[in-house]
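Chemist: Spelled out, the chains give:
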Amino acid sequence: NAGVTQTPKFRILKIGQSMTLQCTQDMNHNYMYWYRQDPGMGLKLIYYSVGAGITDKGEVPNGYNVSRSTTEDFPLRLELAAPSQTSVYFCASSYSWGQPQHFGDGTRLSIL
Amino acid sequence: AQKVTQAQTEISVVEKEDVTLDCVYETRDTTYYLFWYKQPPSGELVFLIRRNSFDEQNEISGRYSWNFQKSTSSFNFTITASQVVDSAVYFCALSEPFGNQFYFGTGTSLTVIP
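Chains as they are written, first to last, in the working numbering: chain S, 1 to 112; chain B, 1 to 114.
Same shape as in the complex, but just chain B (with noise of 0.2 Å):
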């Protein structure tokens, strides 16, 4: 079973438009740490964002922000106004302590059309 689930393989919207990443993922640990990675066109990994299982508060950082729900298990991404620049493959991730394993979702490709 995929311990990190994104659903929406591939994205597109129109400049300007918001759009949400969604991210559903499976532990049976209480303490975890939950991450976003940007992937651009050139193929490096850019870290995001870090949220730990003890913190549902929301965060917004400029355009982007995350809700993050233990209820559900979820942990969406949403961009507001998107820009082509934010035009790349997202991956959530989940780090669970008990062998340090870390695993990816299989990411959402989003393209930003001008």
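Pulled out of the complex, with its shape left as it was, chain S reads as follows (with noise of 0.2 Å):
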């Protein structure tokens, strides 16, 4: 029982520096989504996958990039990180628009 697996779980970052986050699912679902979660805040949609080779901006997109050459997985990338950028980073996927979505279990950020 995997359904949304994200890693790593923590990460602190120096400012400037680039990575991917990290997200695998393995319940078939064509949908998967990025968010992010500030303190005290609702989550917010960066991107998300409709299916391989389909992404598309979200709420928040701006100083990421995702890619989805697969099904199964949905990298996101921060190229130059700022500060701005330290969050809890959610993945989620669903079977299709309206389905619930299952969420992983979050990657903490900090950029120092």
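No lab work stands behind these hints: they were computed from the structure. The reader is advised that the hints may include incorrect statements.
Taking lysine-lysine pairs in the DSSO-like style, the calculated list, with each CA pair at most 30 Å apart, reads [to be verified]: (1) B/38 with S/44; (2) S/57 with S/14; (3) B/16 with S/44.
Listing some non-contacts, in silico: residues in chain S with all C-beta distances to chain B over 10 Å [said to hold, decoys possible]: (4) 13; (5) 18; (6) 20; (7) 24; (8) 41; (9) 69; (10) 70; (11) 73; (12) 86; (13) 88; (14) 98.
On the chain S side, residues computed to face chain B include the following (Cβ under 10 Å) [said to hold, decoys possible]: (15) 37; (16) 44; (17) 48; (18) 97.
Values in this document were obtained by computation on a predicted structure and should not be read as measured data. Just so you know, even glycine gets a beta-carbon here, dropped at the ideal spot from N, CA and C.
Once you've looked at the hints, go ahead and assemble the two chains, each given alone in its own frame, into the complex.
Modeler: Below is the structure:
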């Protein structure tokens, strides 16, 4: 029962560094999402994908990039880390639009 | 403008009391979905319920119930006979078809005091 797996769970970056947050799901879901959750706030959609090879921007895409080469994987790339990107990042997947999303456990990212 | 508004930031109740969490949403679409998620202190997000815009039938599931009213754009959540394990942050969310956008409210932090 893996569901949605995110790695790493924690990471500290220096300003200007880059990194990739990994997300894998084993439920054969078509839709995948990346969110960020800032303290005391709800989740905000960064990017989403409706299938392999198809990605689109969410509400807060600036500073991030994604790719979807397979159904299972949806990595999130930070190219030039900035303190404003300090947040908890959640990956999620669903079978289709309107279906409940299954969430990973999150990645806590700090940029100093 | 916020698409989903949860005006109650924090609520504290004594165990066994009933509590209602409010959610007001804004959309121009006629077809949409509404959700409630729970985020316990451990941090994971747990799906509770989904409702589509054409189904205004209220639902009860154990101690949980939901009241969906399109006329007031509200989708409220009630916990009956609250328990300490209900302590969590609860999020209301809206899913719109155009652009597959998904909007979360800012959450209501519920503390159930034993």
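Chemist: All hints are to be evaluated individually against the structure, with a verdict given for each.
Modeler: Now for the hints, and whether the structure bears them out:
no. : hint           : result
1   : B/38 with S/44 : 16 Å, holds
2   : S/57 with S/14 : 25 Å, holds
3   : B/16 with S/44 : 33 Å, violated
4   : 13             : 20 Å, holds
5   : 18             : 25 Å, holds
6   : 20             : 21 Å, holds
7   : 24             : 17 Å, holds
8   : 41             : 6 Å, violated
9   : 69             : 19 Å, holds
10  : 70             : 19 Å, holds
11  : 73             : 19 Å, holds
12  : 86             : 16 Å, holds
13  : 88             : 7 Å, violated
14  : 98             : 4 Å, violated
15  : 37             : 9 Å, holds
16  : 44             : 7 Å, holds
17  : 48             : 6 Å, holds
18  : 97             : 6 Å, holds
Against the hints set out earlier in the document, violations occur for numbers 3, 8, 13 and 14.
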